[in-house]
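> Using the hints provided, position chain B relative to the given structure of chain A.
Each chain, letter by letter, is given below.
Protein chains: 2
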Amino acid sequence: MAKGNVKVLGAWPSPFVMRARIALNIKSVEYEFLEEKLGSKSELLLKSNPIHKKIPVLIHNDKPVCESLVIVQYIDEVWSSAPSILPADPHDRATARFWAAYVDEKWFPTMRSIATAEGEEARKAAIQQVIEGIVLLEDAYSKCSQGKPFFGGNQIGLVDIAVGCFLGWLRVTEKTSQVKLLDEAKTPGLVKWAERFCAHVAVKDVMPDTDKLAEFAKLLAKFKAPPK
Amino acid sequence: MAKGNVKVLGAWPSPFVMRARIALNIKSVEYEFLEEKLGSKSELLLKSNPIHKKIPVLIHNDKPVCESLVIVQYIDEVWSSAPSILPADPHDRATARFWAAYVDEKWFPTMRSIATAEGEEARKAAIQQVIEGIVLLEDAYSKCSQGKPFFGGNQIGLVDIAVGCFLGWLRVTEKTSQVKLLDEAKTPGLVKWAERFCAHVAVKDVMPDTDKLAEFAKLLAKFKAPPK
Chain A
2 MAKGNVKVLG
12 AWPSPFVMRA
22 RIALNIKSVE
32 YEFLEEKLGS
42 KSELLLKSNP
52 IHKKIPVLIH
62 NDKPVCESLV
72 IVQYIDEVWS
82 SAPSILPADP
92 HDRATARFWA
102 AYVDEKWFPT
112 MRSIATAEGE
122 EARKAAIQQV
132 IEGIVLLEDA
142 YSKCSQGKPF
152 FGGNQIGLVD
162 IAVGCFLGWL
172 RVTEKTSQVK
182 LLDEAKTPGL
192 VKWAERFCAH
202 VAVKDVMPDT
212 DKLAEFAKLL
222 AKFKAPPK
Chain B
2 MAKGNVKVLG
12 AWPSPFVMRA
22 RIALNIKSVE
32 YEFLEEKLGS
42 KSELLLKSNP
52 IHKKIPVLIH
62 NDKPVCESLV
72 IVQYIDEVWS
82 SAPSILPADP
92 HDRATARFWA
102 AYVDEKWFPT
112 MRSIATAEGE
122 EARKAAIQQV
132 IEGIVLLEDA
142 YSKCSQGKPF
152 FGGNQIGLVD
162 IAVGCFLGWL
172 RVTEKTSQVK
182 LLDEAKTPGL
192 VKWAERFCAH
202 VAVKDVMPDT
212 DKLAEFAKLL
222 AKFKAPPK
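Taken in order, these protein sequences are the chains called A and B. Residue 41 in this note's numbering sits at position 40 of the first sequence; the count goes up by one each step and never skips. Residue 15 in this note's numbering sits at position 14 of the second sequence; the count goes up by one each step and never skips.
This is chain A alone, in the form it adopts within the complex (with noise of 0.2 angstroms):
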């Protein structure tokens, strides 16, 4: 679906460009991927986004948007003739909004601070907020998909993006931190959602395979430290 030229700054390891990706993927849009390279920022990125100076940025006819929940409903209600991400009913639009924030103010933030938790309490206490997260997920999911595939019912909604895009660091979180955090005698809903999510047409080609994602973290974790 064309409607202009259409670019995405972003980097393939981001959850918060997966979402733009993936949302433009269900819009059928064709974009140009523009790779940020680690430890540096372009000019364009500088340009676009002064604020924040982050990934990532949708440039729609020259037009900069940034945020990644604002770039989502940006693609929705531009190219609203395809399928549509956030539900049409008022209330449901908001439910959609408000698990969009809990995942990314409350439970991602969480989900990060295992690894760099202080002290093996710190560390259990983390895991633990982070599973009882997934488990209000887990009946987030129930009450929203009411029986179908997604959040957003039969199709993938703003939840299902919001969430889903965290799915890789989530295994790269349990691989490197050796805890079970999506757990299928817990949260049964949501591993069978989780599988679907990753296998859906618009998200399989840029869910990030969890190994490289594993050696992406330890390139990021030394490129972080301080120096010796």
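One thing to keep in mind: the hints can contain errors.
As the list makes no split between identical chains, a pair holds if one copy fits it or if it spans any two.
Result set (DSS-like, lysine-lysine): computed pairs, CA atoms no more than 30 angstroms apart in a straight line [as the list claims (entries may be wrong)]:
no. : residue 1 : residue 2
1   : Lys149    : Lys54
2   : Lys225    : Lys125
3   : Lys107    : Lys213
4   : Lys223    : Lys107
5   : Lys223    : Lys54
6   : Lys125    : Lys38
7   : Lys223    : Lys144
Honestly, the hints are just simulated from the structure, not real lab data. Quantities reported herein were computed from a predicted structural model and do not represent experimental measurements.
Below, chain B alone, put in the same frame as chain A:
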């Protein structure tokens, strides 16, 4: 404008609660204001917002909507025939959502940190950051309003509500920290905008008096302090 039964669970000093009330005022929606008491949470609040247990909650026809920016967008979508809070153009909508997220995620947390900063250096750094944020908002105001009275143009929009609700606390911070944050010399556009916003018919009855809010801030600090 009637469209079912509307309640707001809130408290008068909360900037986030103000957002819901202003949005309802813009739409001329009558609502029942159920005031939560400092230090306790009503059964209705716990039932309506079990995830965050926080105000504001909008209850519309017995269905709760949580998170202030989600509530404002919900109100805009349900009472869509009244003046719009979000712009019609998708790029303008994305810009409005971007700035609303900026004030919540970056600017307000920094302003709040002025009062809790440990040491004069940290306090000065926080003040500097807040002022830099206000300069960014002045620029955003100039671009969004295009010479009209509000971020939203001729009427109050999402960014007006998002930023404007912090004006009471900004004044309290100026007073208690004896520092000028909103400055005629640096940000003349925002100073005039703030006057217009506070005088607006949808705002003036819910914008708290600075002295009353400063008294509340003292009470809150006492309440939050660990027992001696």
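> So, against the hints stated earlier in the document, which numbers end up violated here?
6 and 7
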